[in-house]
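Engineer: So the chains spell out like this:
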Amino acid sequence: MSLVSAAYLAFVLAAVMIYYLLPGKARRWWLLAASIAFCAFCGFYTLFFVLLTAFTTFAGGFLAGRQGKTWQRNLACVITIVFNLAIMCAVKFYGVMDLAAEDLNNFFGASEGVREFMLYLVPVGMSFYTLQMVGYVLDCTWDRVKPERNIGRYLLFATYFPYITSGPMNSYAVLSAELDKSETAVFSIQRLKEGAIRIAWGFFKKLVIADRIAVMVNAAYGDHITYTGLYTALGVFCFAIQLYTDFSGCIDIVLGTSHLLGIELNENFNSPYLSRSIREYWRRWHITLGSWLRDYLYYPVLKSAPLVKIGDVSRKALGKKRGKKVPVYVGMLILWFSVGYWHGGMWTYIIGSGLLHCLYIVSGMLFEPLFEKVRGPLRSDRLPYKIFQIVRTFILVLLGFVFFRSRTVPEAIDMFAAFTRAGGIAFNAQGIYSMGLDLANIIVLIVSVAILVAVDIYQYTEDDAAEHRSALALVCSKPAVVSWAVFMVLVLAVIIFGRYGLGYDSGAFIYARI
Amino acid sequence: MTREEVFAKLNEVFRDVFDDEDIVVTDETTAADIEDWDSLEHINLLVAIERSFDIKFTMGETTGMKNVGEMADKIMAHLG
Chain A
6 MSLVSAAYLA
16 FVLAAVMIYY
26 LLPGKARRWW
36 LLAASIAFCA
46 FCGFYTLFFV
56 LLTAFTTFAG
66 GFLAGRQGKT
76 WQRNLACVIT
86 IVFNLAIMCA
96 VKFYGVMDLA
106 AEDLNNFFGA
116 SEGVREFMLY
126 LVPVGMSFYT
136 LQMVGYVLDC
146 TWDRVKPERN
156 IGRYLLFATY
166 FPYITSGPMN
176 SYAVLSAELD
186 KSETAVFSIQ
196 RLKEGAIRIA
206 WGFFKKLVIA
216 DRIAVMVNAA
226 YGDHITYTGL
236 YTALGVFCFA
246 IQLYTDFSGC
256 IDIVLGTSHL
266 LGIELNENFN
276 SPYLSRSIRE
286 YWRRWHITLG
296 SWLRDYLYYP
306 VLKSAPLVKI
316 GDVSRKALGK
326 KRGKKVPVYV
336 GMLILWFSVG
346 YWHGGMWTYI
356 IGSGLLHCLY
366 IVSGMLFEPL
376 FEKVRGPLRS
386 DRLPYKIFQI
396 VRTFILVLLG
406 FVFFRSRTVP
416 EAIDMFAAFT
426 RAGGIAFNAQ
436 GIYSMGLDLA
446 NIIVLIVSVA
456 ILVAVDIYQY
466 TEDDAAEHRS
476 ALALVCSKPA
486 VVSWAVFMVL
496 VLAVIIFGRY
506 GLGYDSGAFI
516 YARI
Chain B
81 MTREEVFAKL
91 NEVFRDVFDD
101 EDIVVTDETT
111 AADIEDWDSL
121 EHINLLVAIE
131 RSFDIKFTMG
141 ETTGMKNVGE
151 MADKIMAHLG
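First to last, the sequence lines map onto chains A and B.
For what it's worth, the working numbering labels the leading residue of the first sequence as 6, then goes sequentially.
For what it's worth, the working numbering labels the leading residue of the second sequence as 81, then goes sequentially.
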């Protein structure tokens, strides 16, 4: 079930209404029933794999978290994790198979049947729920949480419907505490207003911006002969907007839905394109994935005996200051390969979302003294320099997105070549219209993106760890007539300008396929 | 080992890891107070502390400490 569909809104409406009519103790069970039903709506295989992962991690967490011999606990943890990650990796490999199936279809001139069947098999949101549940098993092993003994409570944590398709991921300690609030959650107009505006904002981002700008992206990425030079740059820039509005729009719908139920999930974005460095970017983009990988992969790897040994050897060989960085570089390589692989088994993801970012960060650390010399007297706290850093970081991110969006690595390289290639059509208004959007649509797009940028700038704080301002809180703090007017404007914008309706198939959320 | 002795030793480790002789850690010191203390340096710091005190933090402890005060509590618990 797509989150941008009338069916989803009807589902949420029914789920929320019945939720508040039920006594506190019964709500958890209602949410569980709704979540299982939601997974079933997403397809039989989604339900099957979610429950398989849920039951195995419940048992694994119990065995790994009980008092006993350490080796027995570790063994239970390793078996559970390997089993579930193997399923996830196999599905990631399916992405590669999917591409191969498409090639086979093209080669033999067959129908889309094979590909559709393969896509049907791939469960929705596996990357998100697998990591969340693997995190639970590790928490049990490391005594961060006590193993859950109530299967019903655990199943709700595992299948909670707002997060299941695209995250955000939450630790067991945080999400179970939030789910406990279902017993005491009180319905209020304020809550309804906040949730409704957030969901409407998510629909706006997805249907007015992401699905509209996708037309230009598809044109630029689909035809490297006609669209070259500035068109290529425009296509690359537009994809960054598409991916951000698509993914963060989805998260807005998820967080808004959960807020209606009185259950707060972690934020996943914090004005990412205003980051001044790649490291900062990853603290602002897909925040819950970054936190998960830091706590459950990067730290354990760096604290492992082989990496500590590498650190000792490198300190002796290279001196204290440079030597201590070596295990960090090794840990980063493992981390970023995993980030790329997690996005999909293909090299386009491994390079675009992983290794390229690793290269940026490691070379940034290696050449930091040189950069400081080059910067010389330039004041790093001045606005022009900060803007330079933001633009530089954004361009580096765009380079990675070229791989991320392309079907294959050669296709991505050809996209870079297209930027310098001559022979495409002249860059003018007619040429831009030929990418698929007429003047009216481009005006809608520019105004919508301007609103998006204004919201991000309003919410931006230089310290990414600091509490940031919320545009939603600002709107909801105004008199009811103002905040409901904002809601209505968003709804009308989605109805009038949204790309949907009979004959229009809204694109699936990009991250739901991940 | 008294809490004061733990802090004195911690101070040495912090100065050594972050290469800054001016660092003085207190109960309330957090990563936000020390410029180079980020997620990349965090494990280097913990490994240095483990060696200095001859203890071993569990994985659960690596991310659960809110400030240096809590860190000192954990160290004292390990030292018994």
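Hint data in this document are derived by calculation from the structure and do not stem from the laboratory.
Fair warning: there could be bad hints in the mix.
What the hints assert, rightly or not - Straight line, CA to CA, 25 Å or less: simulated DSS-like cross-link-like pairs of lysine-lysine:
#1 B/Lys136 <-> A/Lys151
#2 A/Lys329 <-> B/Lys89
#3 B/Lys136 <-> A/Lys74
#4 A/Lys308 <-> A/Lys378
#5 A/Lys198 <-> A/Lys186
#6 A/Lys321 <-> A/Lys308
#7 A/Lys198 <-> B/Lys89
#8 B/Lys136 <-> A/Lys30
#9 A/Lys151 <-> A/Lys198
#10 B/Lys136 <-> A/Lys308
#11 A/Lys30 <-> B/Lys146
#12 A/Lys329 <-> B/Lys136
#13 B/Lys89 <-> B/Lys136
#14 A/Lys330 <-> A/Lys314
#15 B/Lys146 <-> B/Lys136
#16 A/Lys329 <-> A/Lys314
#17 B/Lys89 <-> A/Lys321
#18 A/Lys308 <-> A/Lys326
#19 A/Lys308 <-> B/Lys154
#20 A/Lys391 <-> A/Lys329
#21 A/Lys308 <-> B/Lys89
#22 A/Lys330 <-> A/Lys308
Engineer: Confirm or reject each hint.
Structural biologist: Hint check results:
1. B/Lys136 <-> A/Lys151: Holds, at roughly 21 Å.
2. A/Lys329 <-> B/Lys89: Roughly 20 Å between the alpha carbons, so the hint for A/Lys329 and B/Lys89 holds.
3. B/Lys136 <-> A/Lys74: This hinted pair holds, its Cα atoms lying about 18 Å apart.
4. A/Lys308 <-> A/Lys378: With Cα atoms ~33 Å apart, A/Lys308 and A/Lys378 exceed 25 Å; violated.
5. A/Lys198 <-> A/Lys186: Answer holds: A/Lys198 to A/Lys186 is near 19 Å, not above 25 Å.
6. A/Lys321 <-> A/Lys308: With a Cα-Cα distance of about 19 Å, the restraint between A/Lys321 and A/Lys308 holds, given a limit of 25 Å.
7. A/Lys198 <-> B/Lys89: Since the Cα atoms of A/Lys198 and B/Lys89 sit roughly 54 Å apart, the hinted pair is violated (cutoff 25 Å).
8. B/Lys136 <-> A/Lys30: Since the Cα atoms of B/Lys136 and A/Lys30 sit roughly 42 Å apart, the hinted pair is violated (cutoff 25 Å).
9. A/Lys151 <-> A/Lys198: violated, 36 Å
10. B/Lys136 <-> A/Lys308: It holds: about 10 Å lies between the C-alpha atoms, which stays within 25 Å.
11. A/Lys30 <-> B/Lys146: Violated. A/Lys30 to B/Lys146 sits at ~34 Å, over the 25 Å cutoff.
12. A/Lys329 <-> B/Lys136: holds, 19 Å
13. B/Lys89 <-> B/Lys136: holds, 16 Å
14. A/Lys330 <-> A/Lys314: holds, 13 Å
15. B/Lys146 <-> B/Lys136: holds, 18 Å
16. A/Lys329 <-> A/Lys314: Holds. A/Lys329 to A/Lys314 sits at ~11 Å (cutoff 25 Å).
17. B/Lys89 <-> A/Lys321: Judged against 25 Å, a Cα distance of about 23 Å means the pair holds.
18. A/Lys308 <-> A/Lys326: Within the cut-off at roughly 18 Å; holds.
19. A/Lys308 <-> B/Lys154: The hint holds at about 17 Å.
20. A/Lys391 <-> A/Lys329: Given pair A/Lys391, A/Lys329 is violated - Cα atoms ~29 Å apart, limit 25 Å.
21. A/Lys308 <-> B/Lys89: It holds: about 21 Å lies between the C-alpha atoms, which stays within 25 Å.
22. A/Lys330 <-> A/Lys308: holds, 14 Å
Of the numbered hints listed earlier, those contradicted by the structure are 4, 7, 8, 9, 11, 20.
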